[in-house]
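What follows is the residue order along each chain.
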Amino acid sequence: MTNPSDLDLFEAWRAQPAPLLPLLHAFHERDGHLSEEALRAVSKDLRIPIADLFGTVTFYHHFARETGGRARPRVCVGPICALRGAQKLLDGIDDALGMPCPGRCDEPIPVLDGDRVLCGLAAADLSERPSPLPPKTPDPASECVFAHIRTPGRASLDGYRSSGGYGGLTAALAGSPEALLDVIDASSLAGRGGAGFPTGRKWRAVAEAEGAPKSIVCNADEGEPGCFKDRALMDYDPHAIIEGMLAAGYATGSTRGIIYLRYEYPSTMKVLEDAISEARAAGLVGPDALGAGRPFELCVRRGAGAYICGEETSLLNSLEGKHPFPRNRPPFPVTHGFENLPTVVNNVETLASIPHILANGADWYRDLGLGDHAGTKVISLSGDILRPGNYEVPMGFSLATLLEEWAGGAPEGRTIQAVTMAGLSGGFLAGDDLDVTLDEPSIRSKGSFLGAGGIMVFDDSRDMVDVAHAAMEFFAEESCGKCFPCRIGTQRLTERLHGGGPNDLGDWIDEVNDLGKTMKETSACGLGQAAPLITESLLRYFPAQVTRHVTGDGSSPG
Amino acid sequence: MDKFDFEITLDGERVPARRGETIYEVSERHQKDIPTLCYDPRLEALGACRLCVVELEGARNPVASCTTRAEPGMNITTRSSRLEMHRGVLLEMVASENRDLDVDPLSGYASGEMATLLDRYGARSGRFAGAKSGTSRPDDDNPFILRDYENCISCYRCVRVCAEQEGDYAISIMNRGFETQITTEFEGLLKGSACTFCGQCIQTCPTGALADIKALANKDVPGETKKTRTICTYCGVGCSVDVMTREDKIVGVLPAMDGPANLGALCVKGQFAFDFVSHPDRLKAPLVRGEDGELHETDWDTALDRAAGGFVKANQEHGRESVYGIASGRAPHEAAYMMQRFIRGGFGTNQIDNCSRA
Numbered sequence: 283m284t285n286p287s288d289l290d291l292f293e294a295w296r297a298q299p300a301p302l303l304p305l306l307h308a309f310h311e312r313d314g315h316l317s318e319e320a321l322r323a324v325s326k327d328l329r330i331p332i333a334d335l336f337g338t339v340t341f342y343h344h345f346a347r348e349t350g351g352r353a354r355p356r357v358c359v360g361p362i363c364a365l366r367g368a369q370k371l372l373d374g375i376d377d378a379l380g381m382p383c384p385g386r387c388d389e390p391i392p393v394l395d396g397d398r399v400l401c402g403l404a405a406a407d408l409s410e411r412p413s414p415l416p417p418k419t420p421d422p423a424s425e426c427v428f429a430h431i432r433t434p435g436r437a438s439l440d441g442y443r444s445s446g447g448y449g450g451l452t453a454a455l456a457g458s459p460e461a462l463l464d465v466i467d468a469s470s471l472a473g474r475g476g477a478g479f480p481t482g483r484k485w486r487a488v489a490e491a492e493g494a495p496k497s498i499v500c501n502a503d504e505g506e507p508g509c510f511k512d513r514a515l516m517d518y519d520p521h522a523i524i525e526g527m528l529a530a531g532y533a534t535g536s537t538r539g540i541i542y543l544r545y546e547y548p549s550t551m552k553v554l555e556d557a558i559s560e561a562r563a564a565g566l567v568g569p570d571a572l573g574a575g576r577p578f579e580l581c582v583r584r585g586a587g588a589y590i591c592g593e594e595t596s597l598l599n600s601l602e603g604k605h606p607f608p609r610n611r612p613p614f615p616v617t618h619g620f621e622n623l624p625t626v627v628n629n630v631e632t633l634a635s636i637p638h639i640l641a642n643g644a645d646w647y648r649d650l651g652l653g654d655h656a657g658t659k660v661i662s663l664s665g666d667i668l669r670p671g672n673y674e675v676p677m678g679f680s681l682a683t684l685l686e687e688w689a690g691g692a693p694e695g696r697t698i699q700a701v702t703m704a705g706l707s708g709g710f711l712a713g714d715d716l717d718v719t720l721d722e723p724s725i726r727s728k729g730s731f732l733g734a735g736g737i738m739v740f741d742d743s744r745d746m747v748d749v750a751h752a753a754m755e756f757f758a759e760e761s762c763g764k765c766f767p768c769r770i771g772t773q774r775l776t777e778r779l780h781g782g783g784p785n786d787l788g789d790w791i792d793e794v795n796d797l798g799k800t801m802k803e804t805s806a807c808g809l810g811q812a813a814p815l816i817t818e819s820l821l822r823y824f825p826a827q828v829t830r831h832v833t834g835d836g837s838s839p840g
Numbered sequence: 009m010d011k012f013d014f015e016i017t018l019d020g021e022r023v024p025a026r027r028g029e030t031i032y033e034v035s036e037r038h039q040k041d042i043p044t045l046c047y048d049p050r051l052e053a054l055g056a057c058r059l060c061v062v063e064l065e066g067a068r069n070p071v072a073s074c075t076t077r078a079e080p081g082m083n084i085t086t087r088s089s090r091l092e093m094h095r096g097v098l099l100e101m102v103a104s105e106n107r108d109l110d111v112d113p114l115s116g117y118a119s120g121e122m123a124t125l126l127d128r129y130g131a132r133s134g135r136f137a138g139a140k141s142g143t144s145r146p147d148d149d150n151p152f153i154l155r156d157y158e159n160c161i162s163c164y165r166c167v168r169v170c171a172e173q174e175g176d177y178a179i180s181i182m183n184r185g186f187e188t189q190i191t192t193e194f195e196g197l198l199k200g201s202a203c204t205f206c207g208q209c210i211q212t213c214p215t216g217a218l219a220d221i222k223a224l225a226n227k228d229v230p231g232e233t234k235k236t237r238t239i240c241t242y243c244g245v246g247c248s249v250d251v252m253t254r255e256d257k258i259v260g261v262l263p264a265m266d267g268p269a270n271l272g273a274l275c276v277k278g279q280f281a282f283d284f285v286s287h288p289d290r291l292k293a294p295l296v297r298g299e300d301g302e303l304h305e306t307d308w309d310t311a312l313d314r315a316a317g318g319f320v321k322a323n324q325e326h327g328r329e330s331v332y333g334i335a336s337g338r339a340p341h342e343a344a345y346m347m348q349r350f351i352r353g354g355f356g357t358n359q360i361d362n363c364s365r366a
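Protein chains in written order, with my numbering: chain A, 283 to 840; chain B, 9 to 366.
Source of the hints: derived by calculation from the structure; they are not laboratory data. Hints are supplied without guarantee of correctness; some may be wrong.
[What the hints assert, rightly or not] Partial list, derived from the structure: chain A residues whose beta carbon lies under 10 Å from chain B:
id, residue
1, K370
2, D373
3, Q773
4, K802
Where a beta carbon is used, it is the ideal one built from N, C-alpha and C, also for glycine.
Please model the entire structure based on the sequences and the hints provided.
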């Protein structure tokens with residue numbers, strides 16, 4: 283097969299929705315890097331000023347601009363893999379680059395090699411393997427999105443249908459969009475990507491907003507370190523997401539859907555595209571997808587490596603081919619989203635819950651939660667824990683029960699020193715504060731938040747200042763650079779967790795606290811607002827480790 | 009413009025506001041003097057520096073007043089100990105990333121903005137010391153725009169003015185976070201980019217990271233800098249400028265932000281081409297070419313006779329259509345009028361134009 287010409291690529295993509303990213307990927311794949319000639323050609327064809335296009339390309343981790351750059355292996359150097367010897371593995375692979383957490387913390391160190399993800403602890407035993415299925419739950423009755431995920435063949439249309447798939451949608455299409463909105467409202471489903479905004483309210487806002495075409499965007503840019511739940515859902519239950527998007531399309535009057543998938547999930551890209559093809563062939567997606575001639579088109583767009591693109595407005599800018607800075611809000615995406623038109627942006631887990639709610643009813647879903655809390659939450663558990671993996675728990679479930687009983691607790695001879703919340707964004711919980719339930723009110727009362735549900739576990743052998751440094755380094759690297767408190771603050775906190783800043787402990791603490799307070803209250807988006815939770819919780823739980831770090835006094839008790 | 013749509017409460021006082029106005033715009037009308045670094049009233053607000061945050065009743069965190077629209081019934085506080093604390097810390101943060109806090113005022117129109125705020129907030133504490141951001145481009149040998157990014161604070165006013173005001177899109181933002189860098193396409197020199205050297209990036213830069221090389225060459229010229237409002241003499245657009253002089257020497261040109269024809273915009277000539285005034289090669293007396301083929305200084309009568317003779321000869325030999333007049337865009341209206349009278353009445357031809365049409 284001959285390589286496609288520039289013209290072939292332009293003709294394939296220029297009329298497609300959100301064409302810049304797929305076009306850049308097409309050149310990247312064809313040439314092995316993004317050459318100056320390629321960028322100049324893209325700039326001309328899509329009419330994007332060349333300086334803007336150049337700047338935007340440099341924003342992403344994985345677009346290589348030097349010959350052969352795309353093929354260079356990328357080794358995860360995220361906080362969990364760092365504990366397992368990622369640096370050694372990186373040093374042991376020729377020409378390899380480090381990369382931030384690619385969402386594979388339930389396995390040995392992942393290495394992105396072209397379009398494959400290999401896993402292993404040493405260069406010699408790297409192998410490609412499927413995403414781990416969620417471990418068996420002790421409480422199958424309380425599962426929602428994982429209820430059928432272990433059913434073999436669930437990823438195919440036949441398999442999905444034979445376990446009840448698309449039944450909820452078919453029933454919903456027989457009723458009115460208003461009735462569907464009422465069900466989602468009644469279920470109390472709220473955004474599972476971290477923000478927890480009521481899904482019914484978001485959909486209703488889009489349904490009522492002026493402007494067309496409207497869009498459903500699935501946020502599958504699962505970039506939070508320690509979060510890998512969406513990967514499992516997409517790999518094993520892709521039709522649940524499609525069904526959820528179709529339902530959202532019907533409820534809101536939207537005619538187009540885009541799944542924005544993080545670069546680091548190449549095999550998932552294929553799973554999703556295969557599932558969409560099957561759905562299209564069956565008429566579930568396409569000109570009559572929502573019945574009575576109502577169309578719904580659906581495509582996948584692959585990111586290029588940027589944590590901030592998981593922030594919904596940054597994601598929308600990325601889709602539109604703009605510099606992926608977050609937008610100022612208001613206006614919100616429900617009125618000014620993709621291409622400035624009304625848009626639902628929902629997380630994978632949120633959308634995957636929809637078919638189950640439609641099939642089993644709003645009351646069933648709401649009652650899955652404990653106490654006043656509705657529904658379930660998938661927790662991605664990793665680090666110093668016996669059985670890492672994705673666990674779907676009722677909202678309001680005890681963290682201690684999850685850690686100790688479901689996941690087997692810390693490794694033999696160790697105790698849990700601390701856990702992170704919301705991947706890294708919620709900072710640490712430790713000591714008595716581990717006695718929380720997994721729901722926002724409980725975790726927020728400890729100064730943290732549940733977020734997307736990533737929990738990393740660190741046992742009593744870990745140096746928490748080192749862990750905090752790795753976390754802050756991640757935020758510094760991923761800060762988009764738009765707002766001052768985040769751009770400068772994440773850098774300054776990283777330096778202070780790595781030997782920088784004042785030598786006087788009081789001055790050090792004042793600087794760290796002042797930086798943190800201003801970042802928290804004045805940063806433009808969640809990244810800069812959340813990053814200082816790392817230092818805030820470090821100072822709260824581990825003052826002695828901080829003292830030792832700043833003063834170099836090894837005699838202080840741990 | 010006088011009609012207001014609703015009221016908001018601003019520092020305890022009920023004030024009128026218009027639909028679509030930002031909190032910052034309403035506050036400015038009431039002389040609240042909210043600090044900013046990424047704000048330029050000509051540009052779409054970005055909300056990057058966060059200095060303009062104000063407290064909004066009901067909101068958990070302060071909001072950026074430059075990007076938040078006023079809504080009926082809002083209760084806004086523009087100054088409080090909490091806000092002043094954040095502003096001070098933000099300024100200490102910004103100060104920590106730059107090589108220089110103070111630059112020569114000839115650097116550019118807004119070049120003292122950061123230093124002024126550092127003084128107002130007592131933010132020269134030296135706290136938050138660490139790595140400096142930005143890589144300067146001493147290799148860019150263009151004669152106009154200094155690219156001293158070690159003094160850049162990533163407010164993106166340059167990138168925005170280039171795109172939104174000038175429409176050139178010559179520069180953009182490279183990399184992320186603390187590694188952010190203002191760049192041209194492929195990190196090249198300005199002369200290889202879409203840059204037209206209009207200098208607007210210099211004039212909006214709040215730190216002097218982008219600076220006027222031509223003006224800075226005069227930084228050692230003695231005397232107080234005096235500014236004289238005038239109109240650029242280069243073309244017919246009529247851009248307002250403030251010409252900076254020290255004693256009898258022009259040391260630089262600033263665009264007038266309130267110039268009705270240009271609102272702070274200039275072109276490469278109006279911005280940078282001021283040194284002809286005192287250039288040694290400048291003609292101060294008429295010259296005519298002698299028998300030897302060289303130019304020789306002479307008096308005006310001799311020179312004008314010589315020119316008139318040439319016109320008469322051309323007219324006699326080739327007819328009136330052999331003459332074509334192009335008035336200089338640098339001449340005032342009255343002179344342009346005289347020129348067209350001269351060509352039409354004097355030579356009897358309609359072949360008259362003005363270089364400003366180009």
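Outcome of the hint check:
For K370(A), the shortest C-beta to C-beta distance to chain B is roughly 26 Å, which exceeds 10 Å, and the interface hint is violated. Restraint check, D373(A) versus chain B: the minimum CB separation of about 23 Å is more than 10 Å; hint violated. With 10 Å as the threshold, the beta carbon of Q773(A) comes within range of chain B, its nearest partner Cβ sitting at about 4 Å, so the hint holds. The interface hint given for K802(A) is met, as the beta carbon of that residue sits about 8 Å from the closest beta carbon of chain B, less than 10 Å.
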